[in-house]
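S.K.: Given these sequences and hints, build the entire structure.
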Amino acid sequence: MYQTTYHRPTSLAEAARLFSEAGDAAYVSGGHTLIPAMKLRLSAAANLIDLRHVGELKGISVTADEVAIGAGMTHAEVAGAAEVKGAIPALAGLAGSIGDAQVRHLGTIGGSVANNDPAADYPSAVLALAGTVETDRRAIAADDYFVGLYETALEEGEIVTRVRFRVPEAAGYAKFRNPASRYPMAGVFVARHGDGSVRVAVTGAGNSGVFRAAEMERALAADFSADALKGIALDPADMMGDIHGSAEYRAHLVTVMARRAVQNLGQALAFV
Amino acid sequence: MSRVELTVNGRSVAREVEDRTLLVHFLRDHIGLTGTHVGCDTSQCGACVVHLDGRAVKSCTVLAAQASGGEVVTIEGLAAGEDLHPVQAAFREHHGLQCGYCTPGMIMSAVDMIRRYDGQLDEKTVRHELEGNICRCTGYHNIVKAILAAAGTMRQEDMRAAAE
Ligand SMILES: Cc1cc2nc3c(=O)[nH]c(=O)nc-3n(C[C@H](O)[C@H](O)[C@H](O)COP(=O)(O)OP(=O)(O)OC[C@H]3O[C@@H](n4cnc5c(N)ncnc54)[C@H](O)[C@@H]3O)c2cc1C
Ligand code: FES
Ligand code: FES
Chain A
1 MYQTTYHRPT SLAEAARLFS EAGDAAYVSG GHTLIPAMKL RLSAAANLID
51 LRHVGELKGI SVTADEVAIG AGMTHAEVAG AAEVKGAIPA LAGLAGSIGD
101 AQVRHLGTIG GSVANNDPAA DYPSAVLALA GTVETDRRAI AADDYFVGLY
151 ETALEEGEIV TRVRFRVPEA AGYAKFRNPA SRYPMAGVFV ARHGDGSVRV
201 AVTGAGNSGV FRAAEMERAL AADFSADALK GIALDPADMM GDIHGSAEYR
251 AHLVTVMARR AVQNLGQALA FV
Chain B
1 MSRVELTVNG RSVAREVEDR TLLVHFLRDH IGLTGTHVGC DTSQCGACVV
51 HLDGRAVKSC TVLAAQASGG EVVTIEGLAA GEDLHPVQAA FREHHGLQCG
101 YCTPGMIMSA VDMIRRYDGQ LDEKTVRHEL EGNICRCTGY HNIVKAILAA
151 AGTMRQEDMR AAAE
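Protein chains in written order, with full-length UniProt numbering: chain A, 1 to 272; chain B, 1 to 164.
Calculated from the structure, these hints are not laboratory results.
A hint or two may mislead.
Claimed, not checked - Below, computed lysine to aspartate or glutamate pairings styled on DMTMM-like, alpha-carbon distance capped at 20 Å:
no., chain 1, residue 1, chain 2, residue 2
1, A, K58, B, D53
2, A, K39, B, D41
3, A, K58, A, E77
4, A, K230, A, E248
5, B, K145, B, E93
6, A, K39, A, D117
7, B, K145, B, E131
8, A, K39, A, D24
9, B, K145, B, D118
10, A, K58, A, E158
11, A, K39, B, D29
12, A, K230, A, E215
13, A, K39, B, D19
14, A, K58, A, D136
15, A, K39, B, E18
16, B, K124, A, D100
17, A, K230, A, E217
18, A, K58, A, E14
Unchecked claim - Part of the chain A face toward chain B, derived, beta carbon under 10 Å:
no., residue
19, M1
20, T5
21, Y6
22, R8
23, G30
24, H32
25, I35
26, P36
27, K39
28, D50
29, H53
30, A101
31, Q102
32, L106
33, A180
34, R182
The C-beta atom is built at its ideal place from N, Cα and C for all residues, glycine as well.
M.R.: Pasting the structure below:
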């Protein structure tokens, strides 16, 4: 790891000020993406601004229509929160399926959403649950937020403060893990909303990051059953292909995972 | 440089270290607690697991400066003098180790797991919970046996303590 200088603000305003004064800086939340990247010298911020002690980023609130989770909440906290389990069990299950127990003790929803790893779990839920990413500057609808591989609508120094999810009528998540990295090779979050719309978001498979599968959404809006997805094949040209699996293989996995998500509503299932 | 202040195994320690110092290196190189191991550079193996503020974490993926002000328990902090912690005793009894490299992390993860599940563990849960700990030697069978046995012992000890 290259040299760096550590800062520990205790408020959002102080964090933003430290960032703008520092010049070359990065926020660190759980550090479970950033620190491994710094160890490998793939990332080298001269200043690290720790958000773990910013109280404004903590907390969960739930209403009949919405679950709002502070950016600083860890995967373990979200997975264990009775109010999240009650309102959107598939979301709590997704949080509890990320990485391993130790990763979940420190990794945060804010860090995951800010990083937008094309194989991360959370982005699929944010997109399928018509989420909103709140920052210290504005609120961004999920459809406008995820821009590409590791790319989001966030501007330099902008801090994710909360992620809001629309409470669906029913939702399910199913993923097939890469046996080595354990990140999803294809993860599909399916949600049926009160207005009759269905949103299907796919992570791990697309060659430009998380995306909505429009054809699946139309089929499920007409007939919300696993059978409605039979015969729907995504175009391999839009999929990632690498040593872990070809684009054709991933396209096939997406349909299989989408069917399993619909068959197991209220759950998050991980295969392999 | 940062001044890092921690409570490690109940003892207060303070050192001036480079900000980039990982918690595992702070423990091993600066305060001489070499029971915590480093087995990978991808945050996957779990040889480095310690408890930070009561939760199992990978100390290779936390800066000492991030942990500063907190409480750390390492493998050296589990036994009471000559008396092994029930999880340590169970690993010995059930041959839960061969080379021993992964063992400190396995045991720290096991103690955390038993606490989180209040001792109510079954084989499937233990195997699932060991996702973040890799052992190159044992094939896991005896590790799982040891953790289940220790969970049983600790439940009995808790019940006895509650009855007294
Ligand atoms: C062994 C291992 C296995 C993993 N497996 C999975 C998995 O299966 N699925 C999965 O989804 N993830 C997985 N992860 C990643 C893990 O979930 C990370 O914790 C998460 O992606 C990033 O969250 P963090 O809080 O650790 O972020 P950090 O590492 O602290 O930060 C990540 C990035 O986001 C920025 N950032 C952090 N917080 C904010 C904020 N509030 N506002 C703006 N920018 C911010 C940082 O500057 C940095 O660029 C794994 C990680 C490890 C080490
Ligand atoms: S050394 Fe920490 S996970 Fe391998
Ligand atoms: S006992 Fe050798 S690595 Fe586990």
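S.K.: Run every hint past the structure and note whether it holds.
M.R.: Now the hints, each set against the structure:
no.	hint	verdict
1	K58/A / D53/B	holds, 17 Å
2	K39/A / D41/B	holds, 8 Å
3	K58/A / E77/A	holds, 10 Å
4	K230/A / E248/A	holds, 16 Å
5	K145/B / E93/B	holds, 10 Å
6	K39/A / D117/A	holds, 18 Å
7	K145/B / E131/B	holds, 16 Å
8	K39/A / D24/A	holds, 18 Å
9	K145/B / D118/B	holds, 17 Å
10	K58/A / E158/A	holds, 17 Å
11	K39/A / D29/B	holds, 17 Å
12	K230/A / E215/A	holds, 12 Å
13	K39/A / D19/B	holds, 13 Å
14	K58/A / D136/A	holds, 14 Å
15	K39/A / E18/B	holds, 14 Å
16	K124/B / D100/A	holds, 15 Å
17	K230/A / E217/A	holds, 13 Å
18	K58/A / E14/A	holds, 16 Å
19	M1	holds, 5 Å
20	T5	holds, 5 Å
21	Y6	holds, 4 Å
22	R8	holds, 8 Å
23	G30	holds, 9 Å
24	H32	holds, 6 Å
25	I35	holds, 5 Å
26	P36	holds, 5 Å
27	K39	holds, 6 Å
28	D50	holds, 6 Å
29	H53	holds, 9 Å
30	A101	holds, 6 Å
31	Q102	holds, 5 Å
32	L106	holds, 6 Å
33	A180	holds, 9 Å
34	R182	holds, 7 Å
Checked against the numbered hints above, the structure breaks none of them.
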